[in-house]
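K.L.:
Sequence:
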Amino acid sequence: MFNNASLMITGGTGSFGKQYVKTLLERYKPRKIIVFSRDELKQYEMEQEYNAPCMRYFIGDVRDRDRLIQAMNGVDYVIHAAALKQVPAAEYNPMECIKTNIHGAENVIQAALANNVKKVIALSTDKAANPINLYGATKLASDKLFVAANNMAGGHSTRFSVVRYGNVVGSRGSVIPFFKKRIATGCKSLPITDVRMTRFWITLQQGVDFVLKNFERMQGGEIFVPKIPSVNVVDLARAMAPALEHEIIGIRPGEKLHETMCPADDSHLTLEFSDHFVIKPTIQFSGVVDFAINKLGEKGTVVEQGFEYSSGKNPEFLSVEGIRKMNQLAGVE
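If you read the sequence shown in the UniProt record's numbering, its first letter stands for residue 1, the second for the next number, and so on.
Hint data in this document are derived by calculation from the structure and do not stem from the laboratory. Since the structure is predicted, the reported quantities are computational estimates derived from the model, not experimental observations. Idealized CB from N, CA, C, for every residue including glycine. Possibly wrong hints are sitting among the right ones.
[Unchecked claim] Pair by pair, the computed Cβ-Cβ distance ranges are: (1) Ile183 / Gly297: 44 to 52 angstroms; (2) Asn116 / Glu91: 37 to 45 angstroms; (3) Pro94 / Asp66: 21 to 29 angstroms; (4) Lys22 / Leu296: 20 to 28 angstroms.
[Unchecked claim] In the SDA-like style, the derived pairs of lysine to any residue whose C-alpha atoms are separated by at most 20 angstroms in a straight line are: (5) Lys325 / Glu247; (6) Lys188 / Lys227; (7) Lys213 / Tyr77; (8) Lys295 / Ala5; (9) Lys227 / Gln205; (10) Lys18 / Asp66; (11) Lys227 / Ala292; (12) Lys22 / Cys54; (13) Lys32 / Ile59; (14) Lys22 / Ile69; (15) Lys188 / Glu247; (16) Lys227 / Lys181.
Turn these sequences into a full structure, and let the hints steer you where they fit.
P.N.:
Structure, rendered in structure tokens:
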């Protein structure tokens, strides 16, 4: 569906954006790929690597609706990846986080409608489920905006969905680069917040593939959640540095022991498919949509009342060796 199509990715110079562009160029023949972001240096550096004739680099901020409307002219598909994502920075600069993650989401929606974009997928995070920090709260608000946008569309054919997943192996700001840096400097121990702490674990390519697939699956209004393994943070440290001791430093403000992607309070809205879950909208749409059968004909079943998809209760956990293999697969061993 992406051959001869025009695509735009907001925040396209980030880890996800680079891998998404790489994958599109390898697998499809798009008419145009627009990388929309506000950092000219990152765009310049990315352009040295991804400079196919279909590539376009647009300077702009999702806070600027007029620029978004201009940039989306003629675009078929939009991936909204731009966000302020650092939990401590969001707590210290709350209005900046709100302007980008919430007001920016609204601007993306309005620009997509103004240009009759076919489909929009917004990237979310496990921190948006039962949020305890501002970053998670703003992403929850963003998720709600994109789901409700399907009703706002009116006579427009534009459809909006959300993809929510957990920690990306080796992405900027994640624990793996932090551990690697400590190990490289010859540290005697690795800091561990809590020996019980768990996280969902997904590679960058797996995240990209999941988003690509959901453009085909989506009807509009779904929150897609992949079935992915969990890791224990202690096992991650053992996988990266078996000989190093661990220093328990305690949970930081705004941090959870376990992350959740499908909250128990949404179990009455949650459908289970073979390799993913779908959280149905909390609101009624003007047209009747059967979310139990997606656009690819895949069928889902209703989960049990009270079901929760949590990193701590996940039936699939990676062993130390499994973590090593996944790190190697992601190129961050």
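K.L.:
Work down the list of hints and note, for each, if the structure agrees.
P.N.:
So, going through the hints one by one against the coordinates:
no. : hint                                : result
1   : Ile183 / Gly297: 44 to 52 angstroms : holds (47 angstroms)
2   : Asn116 / Glu91: 37 to 45 angstroms  : holds (38 angstroms)
3   : Pro94 / Asp66: 21 to 29 angstroms   : holds (25 angstroms)
4   : Lys22 / Leu296: 20 to 28 angstroms  : holds (24 angstroms)
5   : Lys325 / Glu247                     : violated (25 angstroms)
6   : Lys188 / Lys227                     : violated (36 angstroms)
7   : Lys213 / Tyr77                      : holds (13 angstroms)
8   : Lys295 / Ala5                       : holds (19 angstroms)
9   : Lys227 / Gln205                     : holds (15 angstroms)
10  : Lys18 / Asp66                       : violated (25 angstroms)
11  : Lys227 / Ala292                     : holds (17 angstroms)
12  : Lys22 / Cys54                       : holds (12 angstroms)
13  : Lys32 / Ile59                       : holds (16 angstroms)
14  : Lys22 / Ile69                       : violated (25 angstroms)
15  : Lys188 / Glu247                     : holds (10 angstroms)
16  : Lys227 / Lys181                     : violated (30 angstroms)
In terms of the numbered hints stated before, the structure departs from hints 5, 6, 10, 14, 16, listed from lowest to highest.
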